[in-house]
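There are 2 protein chains.
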Amino acid sequence: MSGAPLNERSALELAHLLQRRELNAEHLLRSCLERIHLREPEVQAWTHLAEEKALRHARELDRGAVRGLMHGLPIGVKDLFDTMDMPTCYGSPIYAGHRPAADAASVAMCIGAGAIAVGKTVTTEFATFKPGKTRNPHRLTHTPGGSSSGSAAAVADAMVPLAFGTQTAASIIRPAAFCGIVGYKPSFGNVARAGVKSLSETLDTVGCFGRTVQDVGLFAAAMTGDDRLLQIERASAPHFAVCRTHEWHYAGQDTQRAMQDAAAGLSSGGARVSDFPLPEIFSRLVQAQSEIMAFEAARSLAHERLNHLPAISPALAGILKAGIEIPMEQHQNNLKLANSARIAIDGCFDRFDAIIAPSTIGEAPEGLEHTGDPVFCRMWTLLGLPCVHVPFTTGSTGLPVGLQVIGRYGADEQTLQAAHWLQQTMRR
Amino acid sequence: MSGAPLNERSALELAHLLQRRELNAEHLLRSCLERIHLREPEVQAWTHLAEEKALRHARELDRGAVRGLMHGLPIGVKDLFDTMDMPTCYGSPIYAGHRPAADAASVAMCIGAGAIAVGKTVTTEFATFKPGKTRNPHRLTHTPGGSSSGSAAAVADAMVPLAFGTQTAASIIRPAAFCGIVGYKPSFGNVARAGVKSLSETLDTVGCFGRTVQDVGLFAAAMTGDDRLLQIERASAPHFAVCRTHEWHYAGQDTQRAMQDAAAGLSSGGARVSDFPLPEIFSRLVQAQSEIMAFEAARSLAHERLNHLPAISPALAGILKAGIEIPMEQHQNNLKLANSARIAIDGCFDRFDAIIAPSTIGEAPEGLEHTGDPVFCRMWTLLGLPCVHVPFTTGSTGLPVGLQVIGRYGADEQTLQAAHWLQQTMRR
Chain S
0 MSGAPLNERS ALELAHLLQR RELNAEHLLR SCLERIHLRE PEVQAWTHLA EEKALRHARE
60 LDRGAVRGLM HGLPIGVKDL FDTMDMPTCY GSPIYAGHRP AADAASVAMC IGAGAIAVGK
120 TVTTEFATFK PGKTRNPHRL THTPGGSSSG SAAAVADAMV PLAFGTQTAA SIIRPAAFCG
180 IVGYKPSFGN VARAGVKSLS ETLDTVGCFG RTVQDVGLFA AAMTGDDRLL QIERASAPHF
240 AVCRTHEWHY AGQDTQRAMQ DAAAGLSSGG ARVSDFPLPE IFSRLVQAQS EIMAFEAARS
300 LAHERLNHLP AISPALAGIL KAGIEIPMEQ HQNNLKLANS ARIAIDGCFD RFDAIIAPST
360 IGEAPEGLEH TGDPVFCRMW TLLGLPCVHV PFTTGSTGLP VGLQVIGRYG ADEQTLQAAH
420 WLQQTMRR
Chain Z
0 MSGAPLNERS ALELAHLLQR RELNAEHLLR SCLERIHLRE PEVQAWTHLA EEKALRHARE
60 LDRGAVRGLM HGLPIGVKDL FDTMDMPTCY GSPIYAGHRP AADAASVAMC IGAGAIAVGK
120 TVTTEFATFK PGKTRNPHRL THTPGGSSSG SAAAVADAMV PLAFGTQTAA SIIRPAAFCG
180 IVGYKPSFGN VARAGVKSLS ETLDTVGCFG RTVQDVGLFA AAMTGDDRLL QIERASAPHF
240 AVCRTHEWHY AGQDTQRAMQ DAAAGLSSGG ARVSDFPLPE IFSRLVQAQS EIMAFEAARS
300 LAHERLNHLP AISPALAGIL KAGIEIPMEQ HQNNLKLANS ARIAIDGCFD RFDAIIAPST
360 IGEAPEGLEH TGDPVFCRMW TLLGLPCVHV PFTTGSTGLP VGLQVIGRYG ADEQTLQAAH
420 WLQQTMRR
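Chain order of the listed sequences is S and Z.
All residue numbers for the first sequence refer to numbering that gives the first Met the number 0, where the first residue is 0 and numbers rise by one.
All residue numbers for the second sequence refer to numbering that gives the first Met the number 0, where the first residue is 0 and numbers rise by one.
If you are wondering where the hints come from, they were derived from the structure by calculation, not from laboratory data.
Among the hints, a few may not be true.
The list cannot tell twin chains apart, which means a pair is met if one copy fits it or any two copies do.
Taking lysine to aspartate or glutamate pairs in the DMTMM-like style, the calculated list, with each CA pair at most 20 angstroms apart, reads [what the hints assert, rightly or not]:
1. 320 to 226
2. 335 to 345
3. 320 to 200
4. 320 to 290
5. 335 to 349
6. 129 to 365
7. 132 to 372
8. 52 to 39
9. 52 to 226
10. 132 to 365
11. 335 to 232
All values reported here derive from a predicted model rather than from experimental measurement.
Same shape as in the complex, but just chain S (with noise of 0.2 angstroms):
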């Protein structure tokens, strides 16, 4: 047992201890709500905070049996997730003080896995691009990135072990580079998106966030009932792919930097190294990603934006109605390509276990009017592939900076297993 704060603790940690009956939830509850109170009002990761609920749900944990696999730990839920009691608003004033009749079922399947949710997190405006009120922990003049931003922000900043993401674009990985965290995009379809709101079926994939690989598999074994997920340990060296990509002209120097920094320290820990240069067509992919996103979201958001037009922002509307404009044939040659690429690079992971690959341009900017640039994200969002951030080292003005890395569709337990490497490895 380490000799932190419980608040700053793994969630494995804490789950082992609260599994074993060494620590109650509402003793680990009340350190995580007073690390809350003590920073929110700088933070500002939560949009609801249901202290009252969340103890009297603890205290019930602790009377009772051992409920699964998250018995007793406090988690952060993005306020893209339907919660049956507690507001839902989904980061629109369209939305104010919106009571769903359910949980969401990822939600649900925590919540029966004995997970304690202490309130909701700041999301962007329908999971798009304008920002909430949330603050970089690190830095609080700079972004904590989106869309996922309070919970990124909750979980960096100790007030809570793990928190719930969604990414559409970038709005795992991003937030979590930006805040120096663990975020794990999981295969798309690998967890059930009932009850979270709906941006674009092709690309809306349900993840979360935790200060370690191991903590956000254990997240992810809950989620979805797939128990591999909670083998992540130390094994073998995987063999590295590193992929620049085709945006590579987009990375900054602290970007440049940690990937040259992970293949020097990945290699000298024993690790094969290769490098992945991406055939052609996979330079069209971040074009499609945004085309496929504007013309689902104009479908799926169709009654806000037919009856609250003047409530979405500015920004939102006019991808909507750009969205609209596009033709069915561009959208379902759009869908062919990704559909090509996606069988193209099945068949590379052949060759190697998993890619590292920028995450981000590189530290979180400065400001709390946008959440940066989301370049880095697209393909691989639009690939559904497993994608898993790493913060491993600090950029030229000292916020983190990391890396992403990626793994063969449906193989999450070799992705986790991959970056569990790299955390460790790059950690010494």
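Given chain S, work out where chain Z should sit, using these hints.
Frame of chain S, contents of chain Z only:
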């Protein structure tokens, strides 16, 4: 213009009259409401009728500009779709009196195009197997099929020209077959599912019912924005592939005869007709579809399973229990199998334009305790291909019988064209 009563006419004819202002929306709606008043006590297609709201909407449309493709057309909305101004119960007592905050995306698209929602139609429990109250309008002691029971019965009984459906196993094609109307399941992914209660993300597909193929094309054009679906005309004769499927031994005599008659009729009508035996791998898809549906339903309905188990029917509870016990690895293997089969069948469409295959075992069975066997639809739903049920004959007891036309993934226009050709040819 036909001389038939307004409520019996095709949506396409009505749309033309409404657009040219030769018919007013209120007049048409009153004709539909009259039919509903006459027949609803026996047919029981509706869970909620919104007469006053619909009449207000009709008068508003008559006063204002032409809104879009569906201007003034009365529609039925399956009670699996969220509606902001009508109760939405998903066929389950858990949601009795539930009022969602927004319309489902596809409903919003149609209302945006000028459609008038007359009310909510009966669905089975969460679109699975436990029937609602609806009876087959052709013979009240027989099932209308499920899960889109009320929508199919309402359109078949000339209560409305068009209604929404969804299909996860057989929920559009089967009730269309039993009620003797056209049912259209678009290519997977073509219609946004936001606001439709999720059962299985790999399978759930939004579609619709009408009395002609052109009518469902009009409806789908409004739902998706794909104008190509408005161009369904009698063109050159398609090349049909007759596919008995690996489930042929389930086909009753009426279905067997329909297949023979169609092959003969299409051929003498000028179409090329070939036999299309499916490769062996397709024999495993019915089982795979059942397992995928159970696996995903257990997750999508996690909130209901974990919080409201006593209010779930024993049959559905059994499916959810089985589903939660399927290991993720088995689920991934099922998805891989489906993907291989999708690639295999796509290539087959180089050799013909459309497949004809059974929709059901035979006529609507007697009794209201079951909605009939979904066996002939499971595979096509898993493949994600566009399917259109076309009614063209009657069975040994006089109830409707037809077949489904199945097209290449994404080729919805060509599929509807082939179905239209079949409907026109076999009607003669």
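Hint check:
1. For the homomeric pair residue 320 and residue 226, the shortest alpha-carbon distance between copies (17 angstroms) is at most 20 angstroms, but the shortest distance inside one copy (43 angstroms) is not.
2. For the identical chains of this complex, residue 335 and residue 345 are neighbours both inside a copy (15 angstroms) and across copies (12 angstroms), given an alpha-carbon limit of 20 angstroms.
3. Proximity of residue 320 to residue 200 under the C-alpha cut-off of 20 angstroms is restricted to the intra-copy arrangement: shortest distance 18 angstroms within a copy versus 27 angstroms between copies.
4. Taking CA atoms no more than 20 angstroms apart as the test, residue 320 paired with residue 290 passes inside one copy only; the shortest distance there is 12 angstroms, against 39 angstroms between copies.
5. In the homo-oligomer, the alpha carbons of residue 335 and residue 349 lie at most 20 angstroms apart only across protomers (17 angstroms), although the nearest pairing inside one protomer, at 23 angstroms, exceeds that limit.
6. In the homo-oligomer, the alpha carbons of residue 129 and residue 365 lie at most 20 angstroms apart inside one protomer (16 angstroms), although the nearest pairing across protomers, at 56 angstroms, exceeds that limit.
7. Taking CA atoms no more than 20 angstroms apart as the test, residue 132 paired with residue 372 passes inside one copy only; the shortest distance there is 18 angstroms, against 53 angstroms between copies.
8. Within a single copy, residue 52 and residue 39 get their C-alpha atoms as close as 19 angstroms, which meets the 20 angstroms cut-off; across copies the closest is 46 angstroms, which misses it.
9. Within a single copy, residue 52 and residue 226 get their C-alpha atoms no closer than 29 angstroms, and across copies no closer than 51 angstroms, so neither meets the 20 angstroms cut-off.
10. Within a single copy, residue 132 and residue 365 get their C-alpha atoms as close as 14 angstroms, which meets the 20 angstroms cut-off; across copies the closest is 60 angstroms, which misses it.
11. Taking the shortest alpha-carbon separations for residue 335 and residue 232, neither the intra-copy value of 37 angstroms nor the inter-copy value of 27 angstroms comes in at or below 20 angstroms.
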